[in-house]
Amino acid sequence: MSLDDMITISNGAWHTCRESSLTEDDRPDTQWVDCMARIRSAQDQTAFVALFRHFAPRVKGFLIKSGASDSLAEEVTQEVMATVWQKAHQYDETRASVATWIFTIARNRKIDLLRKLNRPEPEDMPWGPEPEPEQSEVLVIQQESARLTAALADLPEKQRLLVERAYFGDLSHSEIAAETGLPLGTIKSRIRLALEKLRHEMR
Amino acid sequence: MVQHHIPDKFLMAYSAGVLSEAFSLAVASHVSLDDESRARLETFDAVGGAVLDTAPAATVSDDCLSATLALIGGKMPDARPAAPRPDGLFPTPLRDYIGGDLEAVKWRGVGMGVKQAILNTSDEASARLLYIPSGTAVPDHGHNGIELTLVLQGAYRDEGGEFHRGDIEVADESDEHTPIAFGPQDCICLAVTDAKLRFTSLLPRLAQPFLRI
Numbered sequence: 267m268s269l270d271d272m273i274t275i276s277n278g279a280w281h282t283c284r285e286s287s288l289t290e291d292d293r294p295d296t297q298w299v300d301c302m303a304r305i306r307s308a309q310d311q312t313a314f315v316a317l318f319r320h321f322a323p324r325v326k327g328f329l330i331k332s333g334a335s336d337s338l339a340e341e342v343t344q345e346v347m348a349t350v351w352q353k354a355h356q357y358d359e360t361r362a363s364v365a366t367w368i369f370t371i372a373r374n375r376k377i378d379l380l381r382k383l384n385r386p387e388p389e390d391m392p393w394g395p396e397p398e399p400e401q402s403e404v405l406v407i408q409q410e411s412a413r414l415t416a417a418l419a420d421l422p423e424k425q426r427l428l429v430e431r432a433y434f435g436d437l438s439h440s441e442i443a444a445e446t447g448l449p450l451g452t453i454k455s456r457i458r459l460a461l462e463k464l465r466h467e468m469r
Numbered sequence: 533m534v535q536h537h538i539p540d541k542f543l544m545a546y547s548a549g550v551l552s553e554a555f556s557l558a559v560a561s562h563v564s565l566d567d568e569s570r571a572r573l574e575t576f577d578a579v580g581g582a583v584l585d586t587a588p589a590a591t592v593s594d595d596c597l598s599a600t601l602a603l604i605g606g607k608m609p610d611a612r613p614a615a616p617r618p619d620g621l622f623p624t625p626l627r628d629y630i631g632g633d634l635e636a637v638k639w640r641g642v643g644m645g646v647k648q649a650i651l652n653t654s655d656e657a658s659a660r661l662l663y664i665p666s667g668t669a670v671p672d673h674g675h676n677g678i679e680l681t682l683v684l685q686g687a688y689r690d691e692g693g694e695f696h697r698g699d700i701e702v703a704d705e706s707d708e709h710t711p712i713a714f715g716p717q718d719c720i721c722l723a724v725t726d727a728k729l730r731f732t733s734l735l736p737r738l739a740q741p742f743l744r745i
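Order-wise, the sequence lines are chains X and V. For what it's worth, the working numbering labels the leading residue of the first sequence as 267, then goes sequentially. For what it's worth, the working numbering labels the leading residue of the second sequence as 533, then goes sequentially.
One should not assume that every hint holds.
[Stated by the list, open to error] Below, a list of computed lysine-lysine pairs in the DSSO-like style, where the Cα atoms sit at most 30 Å apart:
1. X:K353 / V:K541
2. X:K382 / V:K541
3. X:K424 / X:K331
4. X:K331 / V:K541
5. V:K541 / X:K463
6. X:K424 / V:K541
7. V:K638 / X:K382
8. X:K331 / V:K638
9. V:K541 / X:K454
10. X:K424 / X:K353
11. X:K353 / V:K607
[To be verified] Covered, in the sense of this in silico footprint (three residues per stretch, anywhere, with C-beta under 8 Å from a C-beta of chain X), are these stretches of chain V:
12. 548-554
13. 563-569
14. 597-603
15. 621-628
16. 714-722
It is worth saying that the hints were derived from the structure and are not from the lab. Note that beta-carbon positions come from the ideal geometry of N, C-alpha and C, so glycine has one too.
Please build the complete structure, drawing on both the sequences and the hints.
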């Protein structure tokens, strides 16, 4: 199957995902969030296939850029995407885009398998994601994430490559300066608010 | 309320997955105790998400999807995780390395009431717990490499300020500091460094004239 075929299928599946959504305020920003919700609530395989069509080629590309061979990258991509299904309830759409969440899964598998290192993870927030978060909060974090992706694409090439190399694991920790040139202030304060809310509700 | 947060460059390196195991342990433990740092970490994860989203898509073979569906095997997604936070001194990532909370630590005395426990991490960097009785000063010392110190119980003060539970201090080669534990409780810290540990358990204890925090 060619990439173009997949994009076509992906778009088709995406429409399936959208059409059945109940909210009128549906936006392309939340298409993948909707798929995640359907996996959680209805074990919806169509929604999963839509996610797979979009993200599996990107996860595999990310792993190859991180030094995996084609066959290893594909094997790990399968594990990453299976984890997306299995751990769907852990995804918190008030704190991250689906791309961000999948990135963290792919990164963790990469460290396990490619670097063969143990990676300590922060403990989960005490109550996990809210079952029915405010849609406005979901929307804003999805929009900010989309904006961040656009800002990355718009960076001067030299700077963009530096950010990408950092996440592909090409830079050592002492080479990472954390000066990305990206506007991170808004997304950070939104995540901070979402965390505060989780802490507040747990009391 | 945590006052001393981990600098961005460590969070970005952790997010990118290039920190050593010992430093990752310190970052994960600190983030577990400090929502400000957690928000910044998740912001760097969002940068990773943007990189993933714009990464050149690779061609995925025909049977990749069916292989993935076979992995899922018709199973339901896992149930919502229960509230995991155990009561105790150590955040979960640290507890995992110790195999329990405070009672599970295998301390070794190093003089003046100070104790340490070296944790098992990969060779690039080392991690240990330090126990410093309140009122005890750790002798003046310089550093090789970078050192992160995370307070878990009690407090200490040095030239960098006062450090309480959840606070993390970064020191590099240029820093000379003299930490003194203070307050009602003895101080327990996690200290990680990418310098070689100068003293190992193979050396006689008398050959350990001071501790590097």
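Hints that the structure is at odds with (numbers, increasing): 8, 10 and 16
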